[in-house]
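S.K.: Produce the entire structure from the sequences given, and follow the hints as far as they go.
Sequential numbering of the sequence shown, starting at 3, is according to our numbering.
Hints were generated in silico from the structure; no laboratory data involved.
Be careful, since some hints might not be right.
Said to hold, decoys possible - Lysine-lysine pairs mimicking DSSO-like chemistry, simulated, CA-CA at most 30 Å apart:
#1 368 / 85
#2 220 / 119
#3 368 / 220
#4 119 / 85
#5 368 / 119
#6 96 / 220
#7 85 / 96
Said to hold, decoys possible - Pairwise CB distance ranges, derived in the manner of DEER restraints:
#8 181 / 386: 16 to 26 Å
#9 217 / 316: 49 to 59 Å
#10 417 / 331: 44 to 54 Å
We put the beta carbon where it would ideally sit given N, CA and C, even for glycine.
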Amino acid sequence: MKLSRMLGMMAGLVGMRFAGAGLNLLSQIVFTHIFEPADFGIIMLCMSTAAFISLFATVGYPWLALTQLPRLKSLSLESAWQKFHGAFLHDSAKATAAIYILVFLATLFLPISAGAKLALSFGCLSAPASMLLRYDSAVANSIRSFTLSYAPDFIFRPALLLGYIVFTSAMGWNISVQHAMLAFVAVLYLVGVGQAIILGSNGVLPQNWRANRPLFTKGLRARAMPLALVAAVATSFSDIVTMVGGLLLPSSDVALLAVAIRLAAIAGFIIQVAQQFVLPDLSEALTMRESQTAHHLLTRLNLMTLAIIIAALLGSIVLGPFALNLFGAHYVAAQSLLVAFMVGQSVRAFSGMNQQLLSIAGYQSKTVVACLVALTMLVGGSMLLVPRLGLLGIGYAVIAAEMSWSLMLAAQAQRLTGHRGDIFWLLANRK
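M.R.: Next up, the structure:
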């Protein structure tokens, strides 16, 4: 592939992701002006539940597919491709059943609100479509159909939901919470099935269930399951935070939490996109043992991400009330929580690219312990601090989780690869 074409594709995909992020943010602003805070909190909890369940129910197969399916395709191993799909169907079905049982028990025995129970129910209903969308997006990426990989989830899904809600509101219809969540579920199934139809035989199909082979699946499972935990902390942390808050807070506070965590996540999204630009060059430099080149790349990227996160942190302090007021006067009360979440993003930014260094070196599964510790800090800290500090307790729990995640990744990168990707190590070892 020529460099010009590669750069053009990267620009297009990054632009698509930014457009999707903008659509999601616009949708949330529109929703906050249509629904009361308590109702908006229920809707956001429903969306986060769907994302959370689909992430863990896929058992890491979408992330494993990104590296393994292209390999199988290049070797013309069509039967192995179908077995991979079969393994996904079997393992995801078992994981989904287990999660559904846990959610059912939670709604029976945990002291959660009726709104949270409603959101959990709709989240479970939409999870299969969300799972299909996650997995088939990875399959599309594997066959280099990049637009089909990103556009359905980042563009069409939020655009269709926003268009429907705006249309029904403009028509003067009285939109209930249940109506909005049914629309969310319907859009997920429509987009997921549409993507599957376009993928055709390349995507996962019901008949792939019979292609499952226990020994083949067992080997994949051992590699895929750790990736689900890593992805949860690395890419879906805001959904987990929202879900934890939904179990501990009233729905009106969940609305504040959902807005604050998603505003803070914008800075993390920008940093993630910047890191993706240097990953090919960094991987090549490390593979060719060009340590000086890798060091320079990491230093420049760290300085850039630190500039971004410091600007975002200062912006949240100075402009936070204005940004929150776009959602409505009620949401300005989330200012302190927004700053706390930005501090958490700053901690992650200061950790640099230690996670990417471990992945390039093939140590993805070694980061599972760090993920478990971070999740334990988040859940345990929230349960301990929310009764005492309210909303801000989750902010402090997020900071503690980010610090544990960052410190453990730094220690693992140093021990397993002999170097680190954070600014502290890079400046101390500059040549």
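S.K.: Give a verdict on every hint.
M.R.: Now for the hints, and whether the structure bears them out:
1. 368 / 85: Holds, at roughly 26 Å.
2. 220 / 119: violated (35 Å)
3. 368 / 220: holds (19 Å)
4. 119 / 85: Not satisfied, since the Cα-Cα distance of roughly 37 Å exceeds 30 Å.
5. 368 / 119: violated (35 Å)
6. 96 / 220: holds (13 Å)
7. 85 / 96: Holds. Residue 85 to residue 96 sits at ~17 Å (cutoff 30 Å).
8. 181 / 386: 16 to 26 Å: Violated, at about 37 Å.
9. 217 / 316: 49 to 59 Å: holds (55 Å)
10. 417 / 331: 44 to 54 Å: holds (50 Å)
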